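Just so we're aligned, residue 1 is where the sequence shown starts under this note's numbering, counting upward by one.
Some hints could be false.
[What the hints assert, rightly or not] Label-pair distances were calculated between CB atoms; the ranges are: (1) THR343 to ARG242: 54 to 64 angstroms; (2) MET1 to VAL241: 24 to 34 angstroms; (3) PRO320 to ARG242: 53 to 63 angstroms; (4) LYS31 to ASN484: 54 to 64 angstroms; (5) GLN12 to GLU586: 45 to 55 angstroms; (6) GLN12 to GLY483: 55 to 65 angstroms; (7) ASP177 to GLY295: 56 to 66 angstroms.
The set of hints was computed from the structure by calculation and includes no laboratory data. Computed from a predicted model, the values in this text were never measured in an experiment. We treat Cβ as the ideally placed atom computed from N, Cα and C, and that holds for glycine.
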Amino acid sequence: MDLPRALLPWRQSLSIFPEDLAIALGGVIDKLALLIGPLVSPDGGGRGEPDGVDGVGRRGSFDRLLATEWALAEEAPLEFLRRVSTGELSFLDIAHKKPAVARQCVALFDVGPDGRGGPRIVHLAALILLAQRARDGGASFSWGFLQDESGELVSDVNEESVRKLLKASSNRRMVIDDAMRFYQAFHEEEPEVWFVGSPSTTQVISEISPHRVEVEDSFDPDKPFDVIVNVFGNQKKPRSVRLELPPKQESVRLIRDPFQVARVTPQKSKTSIDPRTNIVFCRTNRKLFLRGSEGELLTIPIPNSPNATEVPKPRVFRPPSGQWIVGVGRHQKSSTLVVAAQTDDALVLHHLSKRGCTSMRHEQYRTLAGTSVPNAQYILPVDVASRERPKLGTLFFVDDTSGFLYNEYDEVFSFMHEKHTAIVLSNTARAAFEHDYHFCILCRVSQTLMRSFPPKPRDDIFLNVPFDNAIVAPSGHFGLQRGNEAWIFMDAAGKRLSSKRIEDGHTLLAIVDAAQPCFVSLDESRTRIVLVGGERPETWVNSPVPIRAATANVRAWLAAFITEENELCVYSREHNTLVLRLRLGEP
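Let the hints inform the model, and build the full structure from the sequences given.
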(Lines of atoms letter the chains of each structure in order from A and count residues from 1; the text may use other names and numbers.)
(Lines give C-alpha, C1' and ligand atoms only; values in the text may rest on other atoms or scores of the structure.)
Protein backbone atom coordinates (compact mmCIF):
# COMPACT_ATOMS: atom_id res chain seq x y z
CA MET A 1 0.00 0.00 0.00
CA ASP A 2 1.45 3.34 -1.10
CA LEU A 3 0.59 5.78 1.71
CA PRO A 4 1.76 9.39 2.15
CA ARG A 5 4.74 9.79 4.49
CA ALA A 6 2.59 11.37 7.21
CA LEU A 7 0.48 8.19 7.41
CA LEU A 8 3.34 5.67 7.55
CA PRO A 9 3.11 5.32 11.37
CA TRP A 10 -0.40 3.93 10.84
CA ARG A 11 0.42 1.63 7.92
CA GLN A 12 -0.17 -1.60 9.83
CA SER A 13 -3.57 -0.52 11.16
CA LEU A 14 -4.73 0.97 7.85
CA SER A 15 -3.66 -2.05 5.80
CA ILE A 16 -7.08 -3.69 6.28
CA PHE A 17 -8.78 -0.94 4.25
CA PRO A 18 -8.71 -0.31 0.48
CA GLU A 19 -5.99 2.20 -0.37
CA ASP A 20 -8.29 5.13 -1.17
CA LEU A 21 -10.22 4.69 2.08
CA ALA A 22 -7.00 4.17 4.05
CA ILE A 23 -5.74 7.56 2.86
CA ALA A 24 -9.08 9.23 3.60
CA LEU A 25 -9.35 7.73 7.11
CA GLY A 26 -5.64 8.24 7.78
CA GLY A 27 -6.04 12.00 7.52
CA VAL A 28 -8.59 11.91 10.37
CA ILE A 29 -6.37 9.60 12.46
CA ASP A 30 -3.32 11.83 11.98
CA LYS A 31 -5.13 14.91 13.31
CA LEU A 32 -6.74 12.98 16.16
CA ALA A 33 -3.34 11.61 17.23
CA LEU A 34 -2.10 15.15 17.89
CA LEU A 35 -4.91 15.62 20.42
CA ILE A 36 -4.64 12.27 22.22
CA GLY A 37 -0.85 11.90 22.28
CA PRO A 38 1.21 8.72 22.79
CA LEU A 39 0.98 6.14 25.54
CA VAL A 40 4.29 6.15 27.46
CA SER A 41 5.76 2.66 27.69
CA PRO A 42 6.53 1.23 31.14
CA ASP A 43 10.07 0.68 29.91
CA GLY A 44 10.38 4.16 28.41
CA GLY A 45 11.45 7.46 29.88
CA GLY A 46 9.52 9.74 32.16
CA ARG A 47 10.08 12.07 35.11
CA GLY A 48 7.96 11.39 38.17
CA GLU A 49 8.64 12.36 41.79
CA PRO A 50 12.32 12.56 43.01
CA ASP A 51 13.62 9.23 44.32
CA GLY A 52 17.19 9.62 45.67
CA VAL A 53 20.32 10.09 43.60
CA ASP A 54 21.32 8.48 40.35
CA GLY A 55 25.05 8.91 39.75
CA VAL A 56 27.16 11.93 38.81
CA GLY A 57 26.66 14.30 35.92
CA ARG A 58 27.98 17.55 34.47
CA ARG A 59 24.81 19.56 35.01
CA GLY A 60 22.82 20.61 38.05
CA SER A 61 22.31 23.26 40.67
CA PHE A 62 25.20 24.19 42.98
CA ASP A 63 23.42 22.72 46.01
CA ARG A 64 24.17 19.33 44.38
CA LEU A 65 27.82 20.10 43.63
CA LEU A 66 30.18 17.37 44.86
CA ALA A 67 32.12 18.11 48.06
CA THR A 68 35.41 17.55 46.21
CA GLU A 69 34.52 20.40 43.84
CA TRP A 70 33.95 22.73 46.84
CA ALA A 71 37.36 21.66 48.20
CA LEU A 72 38.93 22.54 44.83
CA ALA A 73 37.30 25.98 45.01
CA GLU A 74 39.06 26.65 48.32
CA GLU A 75 42.48 25.27 47.34
CA ALA A 76 42.61 26.37 43.64
CA PRO A 77 39.98 29.03 42.94
CA LEU A 78 41.33 29.84 39.46
CA GLU A 79 41.13 26.19 38.41
CA PHE A 80 37.60 26.06 39.84
CA LEU A 81 36.58 29.08 37.75
CA ARG A 82 38.09 27.49 34.67
CA ARG A 83 36.06 24.32 35.22
CA VAL A 84 32.92 26.41 35.72
CA SER A 85 33.46 28.17 32.40
CA THR A 86 34.13 24.93 30.53
CA GLY A 87 31.35 22.86 32.20
CA GLU A 88 33.72 20.38 33.84
CA LEU A 89 32.20 20.43 37.36
CA SER A 90 30.53 17.31 38.74
CA PHE A 91 27.00 17.28 40.22
CA LEU A 92 24.83 14.64 41.83
CA ASP A 93 22.02 13.49 39.47
CA ILE A 94 18.55 13.14 40.98
CA ALA A 95 16.72 9.87 40.39
CA HIS A 96 13.01 10.09 39.53
CA LYS A 97 10.24 7.58 39.89
CA LYS A 98 8.96 6.35 36.55
CA PRO A 99 5.36 7.44 35.92
CA ALA A 100 2.75 4.79 36.50
CA VAL A 101 1.43 3.67 33.11
CA ALA A 102 -1.55 1.40 32.60
CA ARG A 103 -0.69 -1.93 31.05
CA GLN A 104 -4.19 -2.14 29.59
CA CYS A 105 -6.09 0.38 27.44
CA VAL A 106 -9.86 0.10 26.97
CA ALA A 107 -12.04 2.09 24.54
CA LEU A 108 -15.79 2.25 25.17
CA PHE A 109 -18.00 3.66 22.41
CA ASP A 110 -21.38 5.34 22.81
CA VAL A 111 -23.40 4.02 19.85
CA GLY A 112 -26.54 6.00 20.68
CA PRO A 113 -28.41 8.30 18.28
CA ASP A 114 -25.86 11.13 18.64
CA GLY A 115 -23.10 8.97 17.17
CA ARG A 116 -24.66 8.28 13.78
CA GLY A 117 -23.46 9.75 10.51
CA GLY A 118 -20.24 11.78 10.44
CA PRO A 119 -19.26 11.20 14.11
CA ARG A 120 -19.09 7.45 13.40
CA ILE A 121 -16.09 8.08 11.12
CA VAL A 122 -14.28 9.72 14.06
CA HIS A 123 -15.25 6.70 16.21
CA LEU A 124 -13.60 4.45 13.63
CA ALA A 125 -10.50 6.65 13.55
CA ALA A 126 -10.34 6.58 17.38
CA LEU A 127 -10.54 2.77 17.37
CA ILE A 128 -7.62 2.46 14.94
CA LEU A 129 -5.60 5.13 16.79
CA LEU A 130 -6.11 3.85 20.34
CA ALA A 131 -5.36 0.26 19.30
CA GLN A 132 -2.02 1.13 17.73
CA ARG A 133 -1.23 3.63 20.50
CA ALA A 134 -1.59 0.84 23.07
CA ARG A 135 0.45 -1.54 20.95
CA ASP A 136 3.26 1.01 20.57
CA GLY A 137 3.21 1.63 24.34
CA GLY A 138 3.47 -2.04 25.25
CA ALA A 139 -0.09 -2.26 26.64
CA SER A 140 -2.96 -4.57 25.75
CA PHE A 141 -6.05 -3.15 24.08
CA SER A 142 -9.74 -4.02 24.10
CA TRP A 143 -12.95 -2.21 23.25
CA GLY A 144 -16.71 -2.47 23.47
CA PHE A 145 -20.09 -0.71 23.25
CA LEU A 146 -21.54 1.10 26.24
CA GLN A 147 -25.08 0.01 25.30
CA ASP A 148 -24.03 -3.66 25.15
CA GLU A 149 -25.85 -5.40 28.03
CA SER A 150 -23.36 -8.29 28.00
CA GLY A 151 -20.38 -6.01 28.70
CA GLU A 152 -18.29 -7.97 26.19
CA LEU A 153 -14.87 -6.57 25.25
CA VAL A 154 -13.23 -7.26 21.88
CA SER A 155 -9.45 -7.35 21.61
CA ASP A 156 -9.06 -7.61 17.83
CA VAL A 157 -9.13 -4.73 15.36
CA ASN A 158 -9.71 -6.30 11.95
CA GLU A 159 -12.29 -6.28 9.16
CA GLU A 160 -14.83 -8.19 11.22
CA SER A 161 -14.53 -5.96 14.29
CA VAL A 162 -14.60 -2.78 12.19
CA ARG A 163 -17.86 -3.92 10.58
CA LYS A 164 -19.17 -4.67 14.07
CA LEU A 165 -18.44 -1.10 15.18
CA LEU A 166 -20.03 0.41 12.08
CA LYS A 167 -23.20 -1.68 12.38
CA ALA A 168 -23.62 -1.11 16.13
CA SER A 169 -26.49 1.24 16.87
CA SER A 170 -28.88 1.98 19.72
CA ASN A 171 -31.88 4.27 20.00
CA ARG A 172 -31.11 5.18 23.62
CA ARG A 173 -28.38 7.36 25.06
CA MET A 174 -25.91 5.80 27.48
CA VAL A 175 -26.44 6.03 31.25
CA ILE A 176 -24.04 5.71 34.19
CA ASP A 177 -25.00 2.06 34.69
CA ASP A 178 -23.58 1.25 31.25
CA ALA A 179 -20.15 2.49 32.30
CA MET A 180 -20.26 0.85 35.74
CA ARG A 181 -21.04 -2.51 34.12
CA PHE A 182 -17.62 -2.45 32.45
CA TYR A 183 -15.78 -1.07 35.50
CA GLN A 184 -17.06 -3.95 37.64
CA ALA A 185 -15.56 -6.39 35.14
CA PHE A 186 -12.08 -4.83 35.51
CA HIS A 187 -11.79 -6.20 39.11
CA GLU A 188 -8.36 -5.26 40.53
CA GLU A 189 -7.01 -3.95 37.23
CA GLU A 190 -6.71 -0.22 36.63
CA PRO A 191 -6.79 0.21 32.86
CA GLU A 192 -6.69 3.48 30.99
CA VAL A 193 -10.33 3.80 29.89
CA TRP A 194 -11.27 6.07 26.98
CA PHE A 195 -14.91 6.99 26.43
CA VAL A 196 -15.74 7.93 22.82
CA GLY A 197 -19.10 9.56 22.26
CA SER A 198 -21.03 12.82 22.18
CA PRO A 199 -21.32 15.75 24.64
CA SER A 200 -24.11 13.83 26.38
CA THR A 201 -21.62 11.02 27.04
CA THR A 202 -19.21 13.48 28.66
CA GLN A 203 -21.91 14.77 31.00
CA VAL A 204 -22.60 11.26 32.28
CA ILE A 205 -19.04 9.95 32.82
CA SER A 206 -17.05 13.14 33.53
CA GLU A 207 -16.55 12.05 37.17
CA ILE A 208 -15.49 8.51 36.26
CA SER A 209 -12.66 8.90 33.76
CA PRO A 210 -10.54 11.84 32.64
CA HIS A 211 -9.99 10.26 29.21
CA ARG A 212 -12.79 11.18 26.83
CA VAL A 213 -13.21 11.88 23.11
CA GLU A 214 -16.26 14.03 22.45
CA VAL A 215 -17.57 14.30 18.87
CA GLU A 216 -20.45 16.40 17.56
CA ASP A 217 -21.60 17.80 14.23
CA SER A 218 -20.54 21.36 13.45
CA PHE A 219 -24.05 22.19 12.13
CA ASP A 220 -22.36 24.57 9.70
CA PRO A 221 -24.45 24.76 6.49
CA ASP A 222 -21.39 25.94 4.55
CA LYS A 223 -19.31 22.93 5.72
CA PRO A 224 -21.73 20.07 6.35
CA PHE A 225 -18.94 17.47 6.53
CA ASP A 226 -17.13 19.11 9.48
CA VAL A 227 -17.27 17.80 13.06
CA ILE A 228 -16.05 19.28 16.34
CA VAL A 229 -13.76 17.02 18.41
CA ASN A 230 -12.84 17.70 22.06
CA VAL A 231 -10.28 15.43 23.75
CA PHE A 232 -10.13 15.33 27.55
CA GLY A 233 -7.04 13.79 29.13
CA ASN A 234 -4.63 14.40 31.97
CA GLN A 235 -4.21 18.03 30.91
CA LYS A 236 -6.29 20.69 32.67
CA LYS A 237 -8.02 21.97 29.54
CA PRO A 238 -9.49 19.90 26.71
CA ARG A 239 -7.86 19.97 23.31
CA SER A 240 -10.23 20.88 20.50
CA VAL A 241 -10.15 20.74 16.72
CA ARG A 242 -12.58 21.14 13.86
CA LEU A 243 -12.13 18.10 11.63
CA GLU A 244 -13.05 18.02 7.96
CA LEU A 245 -14.31 14.56 7.15
CA PRO A 246 -13.38 12.79 3.90
CA PRO A 247 -15.36 13.64 0.74
CA LYS A 248 -18.95 12.43 0.56
CA GLN A 249 -18.32 9.31 -1.50
CA GLU A 250 -15.47 8.07 0.74
CA SER A 251 -17.41 8.94 3.90
CA VAL A 252 -20.44 6.97 2.75
CA ARG A 253 -18.30 3.95 1.92
CA LEU A 254 -16.50 4.14 5.28
CA ILE A 255 -19.79 4.11 7.18
CA ARG A 256 -21.75 1.61 5.09
CA ASP A 257 -19.35 -0.92 3.61
CA PRO A 258 -15.62 -0.05 3.71
CA PHE A 259 -14.54 -3.51 2.54
CA GLN A 260 -17.21 -3.88 -0.16
CA VAL A 261 -18.30 -7.30 1.04
CA ALA A 262 -22.00 -6.58 1.57
CA ARG A 263 -24.31 -8.46 -0.75
CA VAL A 264 -27.90 -7.46 -1.36
CA THR A 265 -30.61 -9.85 -0.17
CA PRO A 266 -32.91 -10.92 -3.05
CA GLN A 267 -36.54 -9.90 -2.54
CA LYS A 268 -39.80 -11.07 -4.10
CA SER A 269 -42.95 -9.22 -5.14
CA LYS A 270 -46.28 -10.50 -6.42
CA THR A 271 -46.55 -7.47 -8.69
CA SER A 272 -45.89 -8.37 -12.32
CA ILE A 273 -44.60 -6.07 -15.06
CA ASP A 274 -45.31 -5.46 -18.72
CA PRO A 275 -42.58 -7.37 -20.62
CA ARG A 276 -42.19 -4.35 -22.94
CA THR A 277 -41.68 -1.79 -20.16
CA ASN A 278 -38.69 0.46 -19.99
CA ILE A 279 -37.17 1.90 -16.78
CA VAL A 280 -37.37 5.56 -15.72
CA PHE A 281 -35.39 7.14 -12.87
CA CYS A 282 -37.07 9.65 -10.59
CA ARG A 283 -35.59 13.15 -10.65
CA THR A 284 -34.09 12.52 -7.17
CA ASN A 285 -32.55 9.23 -8.37
CA ARG A 286 -34.10 7.40 -5.41
CA LYS A 287 -37.00 5.69 -7.20
CA LEU A 288 -37.70 3.71 -10.36
CA PHE A 289 -40.86 3.74 -12.46
CA LEU A 290 -42.07 0.79 -14.54
CA ARG A 291 -45.31 -0.20 -16.27
CA GLY A 292 -47.20 -3.11 -14.75
CA SER A 293 -48.72 -6.01 -16.64
CA GLU A 294 -52.18 -4.37 -16.53
CA GLY A 295 -50.96 -0.91 -17.54
CA GLU A 296 -50.54 0.38 -13.98
CA LEU A 297 -47.59 2.51 -12.82
CA LEU A 298 -45.14 0.80 -10.44
CA THR A 299 -43.00 2.98 -8.16
CA ILE A 300 -40.04 1.11 -6.62
CA PRO A 301 -37.68 2.74 -4.07
CA ILE A 302 -33.93 2.28 -4.55
CA PRO A 303 -32.11 1.19 -1.33
CA ASN A 304 -29.24 3.37 -0.13
CA SER A 305 -26.84 0.43 0.17
CA PRO A 306 -26.66 -3.36 -0.17
CA ASN A 307 -26.97 -3.57 3.63
CA ALA A 308 -30.71 -2.84 3.42
CA THR A 309 -32.48 -5.93 4.76
CA GLU A 310 -35.96 -5.16 3.45
CA VAL A 311 -37.08 -3.23 0.38
CA PRO A 312 -40.45 -1.40 0.60
CA LYS A 313 -43.17 -2.94 -1.52
CA PRO A 314 -43.81 -1.40 -4.96
CA ARG A 315 -46.50 1.28 -4.94
CA VAL A 316 -49.15 0.93 -7.61
CA PHE A 317 -51.19 3.59 -9.43
CA ARG A 318 -53.96 2.30 -11.67
CA PRO A 319 -55.24 4.90 -14.16
CA PRO A 320 -58.97 5.13 -14.92
CA SER A 321 -60.35 2.77 -17.52
CA GLY A 322 -59.46 3.77 -21.07
CA GLN A 323 -56.26 5.63 -20.09
CA TRP A 324 -52.73 4.48 -20.93
CA ILE A 325 -49.74 5.78 -18.95
CA VAL A 326 -47.16 7.47 -21.17
CA GLY A 327 -45.10 9.57 -18.73
CA VAL A 328 -44.15 10.08 -15.09
CA GLY A 329 -42.19 12.69 -13.15
CA ARG A 330 -42.61 15.52 -10.67
CA HIS A 331 -43.80 19.08 -10.57
CA GLN A 332 -40.78 21.38 -10.60
CA LYS A 333 -41.82 23.44 -7.56
CA SER A 334 -43.03 20.58 -5.35
CA SER A 335 -42.55 16.90 -4.69
CA THR A 336 -45.93 16.00 -6.20
CA LEU A 337 -45.72 12.95 -8.42
CA VAL A 338 -47.20 13.62 -11.86
CA VAL A 339 -48.42 10.95 -14.25
CA ALA A 340 -49.44 11.55 -17.87
CA ALA A 341 -52.00 9.16 -19.33
CA GLN A 342 -53.46 9.29 -22.82
CA THR A 343 -56.83 8.38 -24.30
CA ASP A 344 -57.83 8.19 -27.95
CA ASP A 345 -58.13 11.97 -28.27
CA ALA A 346 -56.64 13.50 -25.11
CA LEU A 347 -53.80 13.53 -22.63
CA VAL A 348 -54.63 13.53 -18.89
CA LEU A 349 -52.20 14.86 -16.29
CA HIS A 350 -52.72 13.21 -12.87
CA HIS A 351 -51.33 14.72 -9.65
CA LEU A 352 -50.87 11.80 -7.26
CA SER A 353 -51.04 11.49 -3.49
CA LYS A 354 -47.94 11.36 -1.31
CA ARG A 355 -47.87 7.57 -1.45
CA GLY A 356 -48.28 7.68 -5.23
CA CYS A 357 -51.31 5.40 -5.37
CA THR A 358 -54.23 7.82 -5.84
CA SER A 359 -54.95 10.68 -8.26
CA MET A 360 -55.78 13.76 -6.17
CA ARG A 361 -56.65 15.93 -9.19
CA HIS A 362 -56.17 15.85 -12.94
CA GLU A 363 -56.03 18.14 -16.00
CA GLN A 364 -57.08 17.20 -19.52
CA TYR A 365 -55.48 18.26 -22.83
CA ARG A 366 -57.33 17.44 -26.06
CA THR A 367 -56.02 16.80 -29.54
CA LEU A 368 -57.41 18.22 -32.74
CA ALA A 369 -60.70 16.60 -33.70
CA GLY A 370 -60.08 13.55 -35.83
CA THR A 371 -56.41 13.20 -34.82
CA SER A 372 -55.54 9.69 -33.62
CA VAL A 373 -52.86 9.26 -30.96
CA PRO A 374 -51.21 5.81 -30.87
CA ASN A 375 -50.42 4.21 -27.52
CA ALA A 376 -46.85 4.99 -26.49
CA GLN A 377 -44.79 1.88 -25.88
CA TYR A 378 -42.44 3.55 -23.40
CA ILE A 379 -42.91 5.53 -20.19
CA LEU A 380 -41.27 8.93 -20.66
CA PRO A 381 -39.84 11.38 -18.09
CA VAL A 382 -42.15 14.27 -17.15
CA ASP A 383 -41.35 17.74 -15.87
CA VAL A 384 -44.17 20.19 -15.18
CA ALA A 385 -43.12 23.83 -15.04
CA SER A 386 -44.23 27.43 -15.46
CA ARG A 387 -43.52 29.52 -18.53
CA GLU A 388 -41.03 31.66 -16.60
CA ARG A 389 -38.68 28.76 -15.84
CA PRO A 390 -39.46 25.96 -18.28
CA LYS A 391 -38.08 22.65 -17.04
CA LEU A 392 -38.04 20.76 -20.29
CA GLY A 393 -37.79 17.07 -20.87
CA THR A 394 -39.14 14.46 -23.21
CA LEU A 395 -42.57 15.11 -21.72
CA PHE A 396 -43.35 18.54 -20.32
CA PHE A 397 -46.09 21.06 -19.68
CA VAL A 398 -45.42 24.77 -20.23
CA ASP A 399 -48.66 26.58 -19.40
CA ASP A 400 -52.31 26.75 -20.44
CA THR A 401 -51.60 28.78 -23.57
CA SER A 402 -48.41 27.12 -24.82
CA GLY A 403 -49.69 23.60 -24.46
CA PHE A 404 -48.39 20.16 -23.64
CA LEU A 405 -45.71 18.46 -25.72
CA TYR A 406 -44.25 14.99 -25.49
CA ASN A 407 -41.98 12.77 -27.55
CA GLU A 408 -43.28 9.26 -28.24
CA TYR A 409 -39.87 8.16 -29.59
CA ASP A 410 -41.24 8.12 -33.15
CA GLU A 411 -43.32 11.29 -33.22
CA VAL A 412 -43.58 14.51 -31.24
CA PHE A 413 -47.10 15.59 -30.26
CA SER A 414 -48.12 19.00 -28.98
CA PHE A 415 -51.41 18.92 -27.06
CA MET A 416 -52.98 22.36 -26.74
CA HIS A 417 -55.14 22.96 -23.70
CA GLU A 418 -58.89 22.39 -24.27
CA LYS A 419 -59.87 24.42 -27.40
CA HIS A 420 -56.40 24.78 -28.91
CA THR A 421 -55.16 22.73 -31.84
CA ALA A 422 -52.91 19.69 -31.62
CA ILE A 423 -49.74 19.66 -33.72
CA VAL A 424 -47.96 16.51 -34.84
CA LEU A 425 -44.28 16.65 -35.88
CA SER A 426 -43.33 13.44 -37.67
CA ASN A 427 -40.00 11.76 -38.42
CA THR A 428 -38.28 12.63 -35.17
CA ALA A 429 -35.80 10.63 -33.18
CA ARG A 430 -35.89 9.42 -29.61
CA ALA A 431 -34.58 12.28 -27.56
CA ALA A 432 -35.36 15.69 -26.19
CA PHE A 433 -33.47 17.28 -23.34
CA GLU A 434 -33.07 20.26 -21.05
CA HIS A 435 -30.00 22.48 -21.04
CA ASP A 436 -30.05 26.09 -19.87
CA TYR A 437 -33.80 26.06 -20.54
CA HIS A 438 -33.35 24.94 -24.14
CA PHE A 439 -35.43 22.28 -25.82
CA CYS A 440 -33.91 19.97 -28.39
CA ILE A 441 -35.78 18.02 -31.06
CA LEU A 442 -33.58 15.57 -32.94
CA CYS A 443 -35.08 15.08 -36.40
CA ARG A 444 -34.33 11.64 -37.81
CA VAL A 445 -34.52 12.34 -41.55
CA SER A 446 -32.26 15.25 -42.41
CA GLN A 447 -31.32 17.64 -39.66
CA THR A 448 -30.98 18.50 -36.01
CA LEU A 449 -33.07 21.37 -34.73
CA MET A 450 -32.22 22.92 -31.37
CA ARG A 451 -34.35 25.86 -30.33
CA SER A 452 -34.79 27.85 -27.17
CA PHE A 453 -38.15 28.00 -25.46
CA PRO A 454 -40.07 30.28 -25.84
CA PRO A 455 -39.00 30.10 -29.49
CA LYS A 456 -36.69 32.81 -30.80
CA PRO A 457 -35.69 32.47 -34.46
CA ARG A 458 -32.19 33.80 -33.86
CA ASP A 459 -31.58 31.04 -31.31
CA ASP A 460 -32.48 28.21 -33.66
CA ILE A 461 -29.51 26.10 -34.75
CA PHE A 462 -29.80 23.86 -37.80
CA LEU A 463 -27.23 21.13 -38.39
CA ASN A 464 -27.22 19.07 -41.55
CA VAL A 465 -26.40 15.82 -39.73
CA PRO A 466 -28.64 12.91 -40.79
CA PHE A 467 -28.95 10.14 -38.18
CA ASP A 468 -30.91 7.08 -37.14
CA ASN A 469 -30.06 6.84 -33.42
CA ALA A 470 -29.67 9.54 -30.80
CA ILE A 471 -28.85 9.84 -27.10
CA VAL A 472 -28.70 12.90 -24.84
CA ALA A 473 -26.71 13.59 -21.65
CA PRO A 474 -27.99 15.62 -18.65
CA SER A 475 -25.30 18.19 -19.46
CA GLY A 476 -26.94 18.92 -22.82
CA HIS A 477 -24.33 17.05 -24.87
CA PHE A 478 -25.78 14.55 -27.32
CA GLY A 479 -24.69 11.76 -29.60
CA LEU A 480 -25.92 10.85 -33.09
CA GLN A 481 -25.43 7.74 -35.19
CA ARG A 482 -26.40 6.97 -38.77
CA GLY A 483 -26.77 3.29 -39.60
CA ASN A 484 -23.80 1.37 -38.21
CA GLU A 485 -21.39 4.28 -38.54
CA ALA A 486 -19.44 5.81 -35.66
CA TRP A 487 -21.28 7.85 -33.05
CA ILE A 488 -20.74 11.61 -33.28
CA PHE A 489 -20.81 13.46 -29.95
CA MET A 490 -21.69 17.17 -29.83
CA ASP A 491 -22.17 19.87 -27.23
CA ALA A 492 -25.44 21.74 -26.67
CA ALA A 493 -24.52 24.31 -29.34
CA GLY A 494 -24.04 21.63 -31.99
CA LYS A 495 -20.22 21.72 -31.95
CA ARG A 496 -18.63 18.38 -32.72
CA LEU A 497 -16.57 17.15 -29.74
CA SER A 498 -15.56 13.61 -30.65
CA SER A 499 -16.56 10.44 -32.44
CA LYS A 500 -16.46 6.80 -31.40
CA ARG A 501 -17.35 3.56 -33.13
CA ILE A 502 -18.85 1.11 -30.66
CA GLU A 503 -18.86 -2.63 -31.19
CA ASP A 504 -21.66 -4.12 -33.27
CA GLY A 505 -24.65 -5.10 -31.18
CA HIS A 506 -23.78 -2.81 -28.27
CA THR A 507 -26.52 -0.50 -26.97
CA LEU A 508 -25.62 2.96 -25.69
CA LEU A 509 -27.32 3.61 -22.32
CA ALA A 510 -25.88 6.97 -21.20
CA ILE A 511 -23.24 9.57 -22.03
CA VAL A 512 -20.77 10.36 -19.25
CA ASP A 513 -18.41 12.69 -21.11
CA ALA A 514 -18.91 13.59 -24.77
CA ALA A 515 -15.42 15.04 -25.14
CA GLN A 516 -13.42 11.88 -24.34
CA PRO A 517 -15.88 10.22 -25.18
CA CYS A 518 -17.03 8.17 -22.18
CA PHE A 519 -20.33 6.31 -22.02
CA VAL A 520 -22.21 3.36 -20.51
CA SER A 521 -23.27 0.54 -22.84
CA LEU A 522 -24.90 -2.89 -22.87
CA ASP A 523 -22.90 -5.48 -24.81
CA GLU A 524 -24.06 -7.68 -27.69
CA SER A 525 -24.73 -10.70 -25.45
CA ARG A 526 -26.97 -8.45 -23.31
CA THR A 527 -25.32 -9.73 -20.12
CA ARG A 528 -22.65 -7.07 -19.45
CA ILE A 529 -23.08 -3.37 -18.68
CA VAL A 530 -19.77 -1.57 -19.20
CA LEU A 531 -18.40 1.93 -18.63
CA VAL A 532 -16.36 2.66 -21.75
CA GLY A 533 -13.70 5.39 -21.65
CA GLY A 534 -10.34 5.99 -20.08
CA GLU A 535 -7.56 3.42 -20.12
CA ARG A 536 -9.74 0.28 -20.07
CA PRO A 537 -13.44 -0.59 -19.91
CA GLU A 538 -14.96 -0.88 -16.44
CA THR A 539 -17.46 -3.72 -16.06
CA TRP A 540 -20.41 -2.75 -13.88
CA VAL A 541 -22.66 -5.77 -14.31
CA ASN A 542 -22.09 -9.39 -15.32
CA SER A 543 -25.56 -10.90 -15.41
CA PRO A 544 -25.94 -14.69 -15.65
CA VAL A 545 -29.30 -14.09 -17.36
CA PRO A 546 -29.76 -11.93 -20.50
CA ILE A 547 -30.97 -8.40 -19.86
CA ARG A 548 -34.27 -7.39 -21.45
CA ALA A 549 -34.30 -3.66 -20.58
CA ALA A 550 -31.64 -1.38 -19.10
CA THR A 551 -30.85 2.25 -18.40
CA ALA A 552 -28.09 4.18 -16.62
CA ASN A 553 -28.03 7.34 -14.53
CA VAL A 554 -24.60 8.98 -14.56
CA ARG A 555 -25.60 11.66 -12.05
CA ALA A 556 -26.01 9.03 -9.33
CA TRP A 557 -23.75 6.39 -10.96
CA LEU A 558 -26.54 3.83 -11.06
CA ALA A 559 -27.56 1.25 -13.64
CA ALA A 560 -30.99 -0.40 -13.55
CA PHE A 561 -31.95 -3.44 -15.60
CA ILE A 562 -34.59 -6.15 -15.95
CA THR A 563 -33.52 -9.69 -16.82
CA GLU A 564 -35.38 -12.22 -18.94
CA GLU A 565 -36.47 -13.85 -15.65
CA ASN A 566 -38.28 -10.63 -14.58
CA GLU A 567 -35.72 -9.74 -11.92
CA LEU A 568 -35.26 -6.00 -11.43
CA CYS A 569 -31.71 -5.09 -10.36
CA VAL A 570 -29.94 -1.82 -9.56
CA TYR A 571 -26.14 -1.54 -9.62
CA SER A 572 -24.35 1.20 -7.67
CA ARG A 573 -20.86 2.20 -8.75
CA GLU A 574 -20.39 3.84 -5.35
CA HIS A 575 -20.74 0.44 -3.65
CA ASN A 576 -19.44 -1.54 -6.63
CA THR A 577 -22.27 -4.04 -6.23
CA LEU A 578 -26.02 -4.49 -6.61
CA VAL A 579 -28.17 -2.59 -4.13
CA LEU A 580 -31.49 -4.04 -5.30
CA ARG A 581 -32.62 -7.46 -6.49
CA LEU A 582 -36.38 -7.75 -6.80
CA ARG A 583 -38.00 -10.75 -8.41
CA LEU A 584 -41.30 -9.52 -9.88
CA GLY A 585 -44.39 -11.64 -10.39
CA GLU A 586 -43.33 -14.14 -7.71
CA PRO A 587 -45.81 -15.35 -5.04
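Can you tell me whether the CB distance of LYS31 to ASN484 sits inside 54 to 64 angstroms? 56 angstroms, holds
Starting from the hint 24 to 34 angstroms, judge whether the C-beta atoms of MET1 and VAL241 obey it. With Cβ atoms ~26 angstroms apart, the hint holds.
When you take the CB atoms of THR343 and ARG242, is the distance between them in 54 to 64 angstroms? Hint holds: Cβ distance 60 angstroms, inside 54 to 64 angstroms.
Lying within 55 to 65 angstroms: is that true of the beta-carbon distance GLN12 to GLY483? 59 angstroms, holds
Using the C-beta atoms of GLN12 and GLU586, is the stated range 45 to 55 angstroms upheld? With a Cβ separation near 48 angstroms, GLN12 and GLU586 satisfy 45 to 55 angstroms, so the hint holds.
Taking the CB of PRO320 and the CB of ARG242, does the distance hold inside 53 to 63 angstroms? 57 angstroms, holds
Please test the hint of 56 to 66 angstroms on the beta carbon pair from ASP177 and GLY295. 59 angstroms, holds
Consistency with the previously given hints is maintained throughout, with no hint failing.
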